[in-house]
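S.K.: The lines below spell out each chain.
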Amino acid sequence: MSAAATPEIPGTVLFDGRMAMRGYPLNRMCFSFNEAANRTAFLADEDAYCAKYGLTPEQREAVRHRNVLELLAAGGNVYYLAKFAGILGLDVQDLGAQQTGMSKDAFKDKLQAAGR
Amino acid sequence: MATIVGAVTTSHVPSIGGAIARHQEGSDYWKPFFDGFDAIHAWLREAKPDVAVVIYNDHGLNFFLDKMPTFAVGAAGEYRNADEGWGIPVLPPFPGDPALSWHIIETLVAREFDPVTCQEMLVDHAFTLPMKLLYPDVEAWPVKSVPICINTVQHPLPSAARCYRLGQAIGDAIRAWPGDARVLVVGTGGLSHQLDGKRAGHINKDFDLKFMESLTEDPEWATRFTNRELIAEVGTQGIELLMWLAARGTLGPRARRLHSNYHIPISNTAGGTMLLAA
Numbered sequence: 001m002s003a004a005a006t007p008e009i010p011g012t013v014l015f016d017g018r019m020a021m022r023g024y025p026l027n028r029m030c031f032s033f034n035e036a037a038n039r040t041a042f043l044a045d046e047d048a049y050c051a052k053y054g055l056t057p058e059q060r061e062a063v064r065h066r067n068v069l070e071l072l073a074a075g076g077n078v079y080y081l082a083k084f085a086g087i088l089g090l091d092v093q094d095l096g097a098q099q100t101g102m103s104k105d106a107f108k109d110k111l112q113a114a115g116r
Numbered sequence: 001m002a003t004i005v006g007a008v009t010t011s012h013v014p015s016i017g018g019a020i021a022r023h024q025e026g027s028d029y030w031k032p033f034f035d036g037f038d039a040i041h042a043w044l045r046e047a048k049p050d051v052a053v054v055i056y057n058d059h060g061l062n063f064f065l066d067k068m069p070t071f072a073v074g075a076a077g078e079y080r081n082a083d084e085g086w087g088i089p090v091l092p093p094f095p096g097d098p099a100l101s102w103h104i105i106e107t108l109v110a111r112e113f114d115p116v117t118c119q120e121m122l123v124d125h126a127f128t129l130p131m132k133l134l135y136p137d138v139e140a141w142p143v144k145s146v147p148i149c150i151n152t153v154q155h156p157l158p159s160a161a162r163c164y165r166l167g168q169a170i171g172d173a174i175r176a177w178p179g180d181a182r183v184l185v186v187g188t189g190g191l192s193h194q195l196d197g198k199r200a201g202h203i204n205k206d207f208d209l210k211f212m213e214s215l216t217e218d219p220e221w222a223t224r225f226t227n228r229e230l231i232a233e234v235g236t237q238g239i240e241l242l243m244w245l246a247a248r249g250t251l252g253p254r255a256r257r258l259h260s261n262y263h264i265p266i267s268n269t270a271g272g273t274m275l276l277a278a
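Residue numbers (the working numbering), protein chains in the order written: chain A, 1 to 116; chain B, 1 to 278.
Derived from the structure by calculation, the hints contain no laboratory data. These numbers come from a predicted model, not from an experiment. Backbone N, C-alpha and C fix where the C-beta goes; we use that ideal spot for every residue, glycine too. A hint or two may mislead.
Stated by the list, open to error - Derived pair list, reagent style DMTMM-like, types lysine to aspartate or glutamate, alpha-carbon separation capped at 20 Å:
#	chain 1	residue 1	chain 2	residue 2
1	B	198	A	70
2	B	198	A	109
3	B	48	B	139
4	B	132	B	172
5	B	198	A	46
Unchecked claim - Label pairs and their in silico Cβ distance ranges:
#	chain 1	residue 1	chain 2	residue 2	range
6	A	44	B	66	23 to 29 Å
7	B	24	A	36	20 to 26 Å
8	A	67	B	66	42 to 48 Å
9	A	41	B	116	29 to 35 Å
10	B	111	A	28	30 to 36 Å
11	A	56	B	47	49 to 55 Å
Turn these sequences into a full structure, and let the hints steer you where they fit.
M.R.: In structure tokens, the structure reads:
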């Protein structure tokens, strides 16, 4: 089946080769955050750290905005972005709330409701 | 020959590690998930496995996009956990079983699966937390281990049908392993959840329950879906049910459900746990 004929999943972009190529510098930077020294270096000088990894202007803006949907659109992969979120002290419910435009409490209520 | 004593499948969300570190297993939020392991602990005391073959998906600790294997098998004497960037405690190293690893690798390549082989391999929360859930109170891990990693980071992912067949080949390899090893198979991940995109928070209880039932009633049911169809049902990370299918595949055509638990939510995830035996 060609990509054009593949039905979309609402609110979902699969991280495929196209996204992996687009997001490579951003994901490579986020992968580096496995190491505490790199997290410290990012916080000490965010501009220099992003420059070192060669982020595109779109990626640099998305990092500056701490905006998950922008980071995903710029090719970010959620597993690596989670390490960036860790630096910011955000958990996956914070990320979910931001992406869905809900408060964190409302997002958590939505999760609870799925169990009923 | 070795025996597969059974298969445990369970969610592996990182916050389980945080809950363990903060001793919150009995809290209102976590108790419904952790209680699902009491019966498994009792069963493990009787089944006494000495090796665990753990089928899991790495989340960017050992593998990056520079080299992303579809299937990878650990062949190390020891596997270390490490900092994943967001602060859950690092667990002690896990002893390997390299002879069994190579036996599985040889069988898989003979069956045309061609995994990447890893003599050094960091194992992330998807490996370590299920081991901690199985053995919460031990000083030293009571089992050796063989990690088998399936890519769920970058599409295309292997199909459900292929992961089931991978499990069948792993099971055949274990049953042909000389000696009297008692092998536990562990499949980690799921159940339905989605972390990314405007559909974040997606959970599908009906599909999860149907999937859990299918593992005994019609184990190849989920293999009839494409990965895109599965993701539409269970979310971008819910596709980790591929690990459950591979684990189920090791048991052969018939399996009994000895225990199961399902609870929504743990973190952003439908928490599921099953214990199956042939």
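S.K.: A separate judgement is required for each hint: does it hold in the structure or not?
M.R.: Structure-based check of all given hints:
1. B:198 - A:70: Roughly 11 Å separates the two Cα atoms, so the pair holds.
2. B:198 - A:109: 16 Å, holds
3. B:48 - B:139: 16 Å, holds
4. B:132 - B:172: At roughly 27 Å apart (the allowed maximum being 20 Å), residue 172 (chain B) and residue 132 (chain B) break the hint.
5. B:198 - A:46: 27 Å, violated
6. A:44 - B:66: 23 to 29 Å: Given range 23 to 29 Å: holds, Cβ gap about 26 Å.
7. B:24 - A:36: 20 to 26 Å: Because 25 Å falls inside the window, the suggested range holds.
8. A:67 - B:66: 42 to 48 Å: Cβ of residue 67 (chain A) to Cβ of residue 66 (chain B): about 26 Å, so the range 42 to 48 Å is violated.
9. A:41 - B:116: 29 to 35 Å: 31 Å, holds
10. B:111 - A:28: 30 to 36 Å: 34 Å, holds
11. A:56 - B:47: 49 to 55 Å: 53 Å, holds
Checked against the numbered hints given earlier, this structure breaks hints 4, 5 and 8; the rest are met.
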